[in-house]
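Go ahead and model the full structure; you've got the sequences and the hints to work with.
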Amino acid sequence: MRGAVKRFGSITAVDHLDLDVPPGICMGLLGPNGAGKSTTMRLLTGQAIADEGEISVLGYELPDEAKVARGQMGVVPQLDNLDVDVTVEDNLAVFARLYRVPDVAAAVDRALGISRLTARRKDAVDELSGGMRRRLLLARGLVHEPRLVLLDEPTVGLDPQIRTELWSLIDGLRGGGSTILMSTHYIEEAERLADEVAVMAKGKIIARGKPSDLIVEHAGRQTAEVYGPPDRLAEARAQAEAAGLRVRPAGPAIAIVGAERAANGAVPDDAIRRAASLEDVFVMLTGEEAE
Amino acid sequence: MASQVGARRLEPAAIGGIMSREVANFRTFWKATTFSSVLEPIIYLLAFGVGLGATLVDRVEGLDYVEFVGTGMVATAVIFSSALPAMFGTFVKHRFQNTYDAILAAPVDVEELVTAEMLWIGIRAGFYGCFPLLVTIGFGLDPAPGMLLVPLFCFATALGFAAFGIAVAATVAKIDHFNYVTTLVITPLFLVAGTFFPIDGLPEGAQVVAQVNPLHHLVELVRHASFGFEAADVIRFGALVIFAVAMWRIAVRRMELRLID
Numbered sequence: 001m002r003g004a005v006k007r008f009g010s011i012t013a014v015d016h017l018d019l020d021v022p023p024g025i026c027m028g029l030l031g032p033n034g035a036g037k038s039t040t041m042r043l044l045t046g047q048a049i050a051d052e053g054e055i056s057v058l059g060y061e062l063p064d065e066a067k068v069a070r071g072q073m074g075v076v077p078q079l080d081n082l083d084v085d086v087t088v089e090d091n092l093a094v095f096a097r098l099y100r101v102p103d104v105a106a107a108v109d110r111a112l113g114i115s116r117l118t119a120r121r122k123d124a125v126d127e128l129s130g131g132m133r134r135r136l137l138l139a140r141g142l143v144h145e146p147r148l149v150l151l152d153e154p155t156v157g158l159d160p161q162i163r164t165e166l167w168s169l170i171d172g173l174r175g176g177g178s179t180i181l182m183s184t185h186y187i188e189e190a191e192r193l194a195d196e197v198a199v200m201a202k203g204k205i206i207a208r209g210k211p212s213d214l215i216v217e218h219a220g221r222q223t224a225e226v227y228g229p230p231d232r233l234a235e236a237r238a239q240a241e242a243a244g245l246r247v248r249p250a251g252p253a254i255a256i257v258g259a260e261r262a263a264n265g266a267v268p269d270d271a272i273r274r275a276a277s278l279e280d281v282f283v284m285l286t287g288e289e290a291e
Numbered sequence: 001m002a003s004q005v006g007a008r009r010l011e012p013a014a015i016g017g018i019m020s021r022e023v024a025n026f027r028t029f030w031k032a033t034t035f036s037s038v039l040e041p042i043i044y045l046l047a048f049g050v051g052l053g054a055t056l057v058d059r060v061e062g063l064d065y066v067e068f069v070g071t072g073m074v075a076t077a078v079i080f081s082s083a084l085p086a087m088f089g090t091f092v093k094h095r096f097q098n099t100y101d102a103i104l105a106a107p108v109d110v111e112e113l114v115t116a117e118m119l120w121i122g123i124r125a126g127f128y129g130c131f132p133l134l135v136t137i138g139f140g141l142d143p144a145p146g147m148l149l150v151p152l153f154c155f156a157t158a159l160g161f162a163a164f165g166i167a168v169a170a171t172v173a174k175i176d177h178f179n180y181v182t183t184l185v186i187t188p189l190f191l192v193a194g195t196f197f198p199i200d201g202l203p204e205g206a207q208v209v210a211q212v213n214p215l216h217h218l219v220e221l222v223r224h225a226s227f228g229f230e231a232a233d234v235i236r237f238g239a240l241v242i243f244a245v246a247m248w249r250i251a252v253r254r255m256e257l258r259l260i261d
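Protein chains in written order, with my numbering: chain P, 1 to 291; chain Y, 1 to 261.
Hints in this document: simulated from the structure, not taken from any laboratory.
One should not assume that every hint holds.
Listed below are the simulated DMTMM-like cross-link pairs for lysine to aspartate or glutamate, each with C-alpha atoms no more than 25 Å apart in a straight line [to be verified]:
id, chain 1, residue 1, chain 2, residue 2
1, P, K122, P, E65
2, P, K202, Y, D261
3, Y, K174, P, D80
4, P, K122, Y, D261
5, P, K210, P, D231
6, P, K202, P, D85
7, Y, K31, P, D85
8, Y, K31, P, D126
9, P, K202, Y, E22
10, P, K204, Y, D261
Here it is as structure tokens:
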């Protein structure tokens, strides 16, 4: 994408966005709700048309060649849009046909294997658990062995156990050499899965790099967390800021970022020091509390 | 296994894929649809044909009233099995089930999506539209060779009304707004189609409306298929085809505006 802009009335959802995803990596598009991640995904599938800029996917120019490009990408949506009365295997078979897969039966078998749903192939979707449905959504996006996989908030709203299960599947996909673009607002998801992270806010990418590089560049090596009553936190914040350190809220605490650079007295002695994290980067850059 | 997708319009593989989704879903509810499609004309024929025919009306336009109503009810079955499923089905799939988001993330465009939905509804309505005729045969109507064309007439009419329903669903803001459409459009069309009484007995204005009512032309075509065609039937069928094509283009445009940001 080069200079992509997408407006909805007076709202600019995507604002002169530049984004390229090298082949074979998992790129995490990390941003708070409303950052423009889902609109970016829709621009890449041609379900939204950019008002300005150029978009090319797998060598195809959008929107003119969007249909051909979609044939070589798989999309795993944020919302469950499976056909709930239809069997697991029929859900997959329909999409194998839509993707013009020559051997539909073999593609369905393979997708069932990936999602570990072979034993449930004859069951209607509404008989599946939430985790199974998410696995089926993932399998549906992979039924044609796409060159590029778009994962739009793949684990949003799932409980931790199911999320870990999904991560394992996505990790396997990454290991298989697929190119993945994954939007998420979960820091841990981006840290666990993404080779590179692009932090997005207000329709723009405001930072990009490997998670470790982003941490060093934007949050230093160490973060100190201070706990206590509000007046104590206010005092600690004032001292840290006076010493030129950046401070962010961290739930019931404050986090002093770049604590390794602190002079004596800038960080309270009872502060808990830990390695800086992508969460520090995210909150410092977007001003949003992390999830 | 990256798929081979062409850039051309109206690819049969895309249309077939969408219709295979409809078939997969239909397999889960076909019994209920078939049940009502068989029972409804029987109830109507008993109430209007036999009941009214035995008490108030004996013959209309030279036909037994049961035969008059039975042949006319084909049009009723067609509009209720095309326009309404298209309206509600499209709205639900778009707003509540997000089905179209999934389909349009595959190599399918809006024109193919609308075409497939229309074709599927047209095939279904073409099939179920014949049930009132079969029931009427059970009530004493003599079979005629022309009746073999009735599924084609139903299919053509249903395509137009399916596209109408899709266009309406793509236009309204809320599902409750369908009430305006059923009250102001579908019910009047149904009443001035010539199903229950002849059009020439209506006021002049209603007769003019009937002449631009596709359902009226379907009623006439079905009656003539049963009792003898007229030369004007070619024009009637042509009008149904033009109606279907015009509504198809309107539905595609409305859905593009609705589905593509």
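### Query
Can you give the numbers of the hints that this structure goes against, from lowest to highest?
1, 4, 5, 6 and 9
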